[in-house]
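If you read the protein sequences in the order shown, they are chains A and B.
Using my numbering, the first residue of the first sequence is number 1, and each one after it goes up by one.
Using my numbering, the first residue of the second sequence is number 197, and each one after it goes up by one.
A hint or two may mislead.
[Unchecked claim] Quick partial rundown of chain B residues pointing at chain A, CB under 10 Å, derived from the structure:
(1) 295
(2) 341
(3) 344
(4) 349
(5) 379
These aren't lab readings, by the way, just hints derived from the structure by calculation.
Predicted model, so just to flag it, every value in this text is computed and none were measured.
Think of the CB as a built atom: it goes at the ideal place given N, C-alpha and C, for glycine as much as any other residue.
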Amino acid sequence: MGCDGTRRELVRSAVAGAAAAAMLEPLAAGAASTAAPSDSAIVIRTLEIEQLVVISYERVLDSGLLTRAASAQVRSILHQERQHVAVLQHALRGLGGTMPHLDKAAAQRELAAHHVHDSLAHLRSQRECLKLLIDVESLAEGAYFWAISRLVDPVLLRAAVEAMGSEAQHWTLLSGIQHPGKLYRSVPYPFVQGSP
Amino acid sequence: MTPLSEAESHSRRTLLAAAAGGALAIAGGVTACSGSKPLRVKVRSGVTVQSGDISILGGLLDLEQHTIAAYTAGIPLLASRYAKASKQFLSQELAHAQALTDLIRKAGGKPQKPHSSYALGHPTSDRQVLALVRDLESAQLAAYVDSIPLLTPGRLRSAVAAIFANDAQHLAVLRQQLGQNPIPAAFVTGR
């Protein structure tokens, strides 16, 4: 069978999926060496990432660099991210955990710690804005992917699964704006695990 | 969905069998073309699967197989601007099914084969085909949300969640193609 255009798309998708799945093995090794965190610690970690996401979205919208259409979609996603934060904060109160607080300076340091080198302060184009948001959505996916394997409380676990689905949808929507007409860029992998 | 008459079932089965064979041939060729370690080996690596997970994973596999059948039968009916996405999603659903199959085998279970036919109704337009696969993707999402907390704690849950998240992406694109809000809710439940 020869390789036509459709076949190239499928190959690209399969190869990308294989690369994504390969990341599962190092994660397994790292996880085995640490003590199991409490649900409270897991929620704190996830909430810190969600706060980073919200700060990033706010910074992008404040930049004024987005087209009207892109801005509308980004605003709707920010609304959902704030709902994620609200649910996590409510859960943390119930667990008696210490509420984290992330300011903009800490957010930039947090990005660097996750090897995301986009600047919150010096965004220059819509392209840079969307790249930042796609990168933080990857972090959010990764946070939930990590949390799902560790959470004990079934209600928290369910919420984490549902939120992970939402982050994946956000990633796809943003990638679709960044790369219009290139579906292989907006839904590239059969397995979504985000970035650590 | 409307059950098919016997004659319709036979012709539909013929279409599904031919199309599914074509879909699998493409998927098999994709593995050969990629030249990488089999995807399924990487997905199941490091994941603990117990016998109690078998029936849950089997239920999810059943839904994936149903969705695969719908994409396979529906793609020939789609205009090219919609078919491209569905073809990509079909390849990913096949990867999901294979991953679930591997997990079931890892637990010592025997994965079920796809049904010989599925009740897919009589879609004739782009919109009807897209609505069909959208509804099946939604049903999958609902099942994943209910099932993941029932699985053995640990990496199995996140491995299955990785499939769920990809299906959530499919749903967003399909809704967009149907002119609907791609992300109507902050928490994806499939309902």
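Do the hints match the structure? See the list:
1. Of the supplied interface hints, the one on residue 295/B holds, with its beta-carbon coming within about 7 Å of a beta-carbon of chain A, less than 10 Å.
2. The beta carbon of residue 341/B is positioned within 10 Å of a beta carbon in chain A (closest approach about 6 Å), and the interface hint is therefore held.
3. At its closest, the beta carbon of residue 344/B sits 5 Å from a beta carbon of chain A; the interface hint therefore holds under the 10 Å criterion.
4. Proximity of residue 349/B to chain A holds as hinted, the smallest CB-CB distance being about 7 Å (cut-off 10 Å).
5. Using the Cβ-Cβ criterion of 10 Å, the hint placing residue 379/B at the interface with chain A is satisfied: the shortest such distance is roughly 5 Å.
Going down the numbered hints, you'll see the structure goes against none, and every one checks out.
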